[in-house]
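Using the hints provided, position chain B relative to the given structure of chain A.
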Amino acid sequence: MIRVAAVGDIHMGPDSQGLLRPAFETLSEVADLLLLAGDLTRHGTPQEARVVAEEVRDLPVPVVAVLGNHDHHDEQPDKVAAILRDADVTVLEGEGTVVECAGTRVGIAGAKGFGGGFVGRSAGEFGEPLMKEFVRTTRRSADSLRTALEELGGRDCAVRIALTHFSPVADTLAGEPPEIYPFLGSYLLAEAIDTAGADLAVHGHAHLGTEHGMTAGGVRVRNVAQPVIRRAFNVYRLNAA
Amino acid sequence: MNDPTAQGRTAPQTGSPAAENIEYRVAHLHDRLAAEELGELGVRAEIRAGAVAITGTVPSGRCRETLLRIVREELTGLTVHTDVVVAETAGPDHAEEL
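Top line first, the protein sequences correspond to chains A and B.
Per UniProt numbering, the first sequence starts with residue 1, numbered consecutively.
Per UniProt numbering, the second sequence starts with residue 1, numbered consecutively.
No lab work stands behind these hints, which were simulated from the structure alone.
Even for Gly, the Cβ is constructed at its ideal location relative to N, Cα and C.
Any given hint could be a false lead.
Sample of chain A residues facing chain B (criterion: CB under 7 Å; computed from the structure) [to be verified]: (1) P227; (2) Y236; (3) L238.
Output of the computed footprint for chain A on chain B, the stretches with three or more beta carbons under 8 Å from beta carbons of chain A [claimed, not checked]: (4) 44–57; (5) 86–92.
One chain only, chain A, in its complex shape (with noise of 0.2 Å):
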């Protein structure tokens, strides 16, 4: 059995010092590690940064996190990253990471992902150059994301967790306005996750959206914005194979 707290869109900025700490400090009694599904800050600044770095820093368990759209903002994603992980934090962009859990191997594939909408209602690569690098940063961040679950697959881990900011499926939209579906998520990620298999899917940014759903291929799906489970954080209990 595999405890599995994940929160996203906790949108840390000067005022947020210690509003989560109390929570965290409590979750070696309730889980094995910490999926942070991005949005970590207001702006993306290495000060909003640091305040998510103190939160979470020497937490009981490992912290897996992959940035956000809000944490590109200031245009310092890297430096952010930087920041987090010297918090003791694995930040994922396009690639996977395997947390020894209590003698079980997880595996975690994290991209941040982008949008452009669900099958019949996406956008496509054809148009004004802008159109298409759009639908393209979506499929590289797609392909990304199937290539580290896919390496995942041979490194022996009981269960395999996509980890995105932006949704895979419609499903855990529910609640939001259609009309903005194409900038929460893409089918290109359900795609890729279907593609290399998976055990559960977790991710943020539609605050307005829903926990539960599921992709086209059977894979578990939450929807694990801060104002959607209005929590500190969710936990999952997944059996290992």
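Same frame as chain A, but now just chain B:
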């Protein structure tokens, strides 16, 4: 910062029909919420029966105060209903079995 007001966007002149158009005022409110200190994209502002309803979840009490101040500034003279909650920070009381 991505402040649209600093990038040459020409705001409609006060008193012009466009400046008084409630839809554009709501759009400009969204612009400000994203561009200024909140970086807020998750709050909805919807026109309902001639009033504006502001709903959503923000990360802290201070963010809510700032949000409501900006709403008052942008939507002066309009009827505004607000239901903005602060994100909850307690741990979960149970886990989900998958």
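Here is how each hint holds up against the structure:
1. For A/P227, the shortest C-beta to C-beta distance to chain B is roughly 4 Å, which falls under 7 Å, so the interface hint holds.
2. The restraint placing A/Y236 at the interface with chain B holds, with a minimum CB-CB distance near 5 Å, inside the 7 Å limit.
3. Because the smallest distance between the Cβ of A/L238 and any Cβ of chain B comes to about 5 Å, under 7 Å, the interface hint for this residue holds.
4. Check result for the stretch 44–57 of chain B against chain A: holds, 3 residues qualifying (beta carbon to beta carbon below 8 Å, three or more required).
5. Counting residues of the stretch 86–92 of chain B whose CB lies closer than 8 Å to any CB of chain A gives 6, which reaches the minimum of 3, so the coverage claim holds.
Checked against the numbered hints above, the structure breaks none of them.
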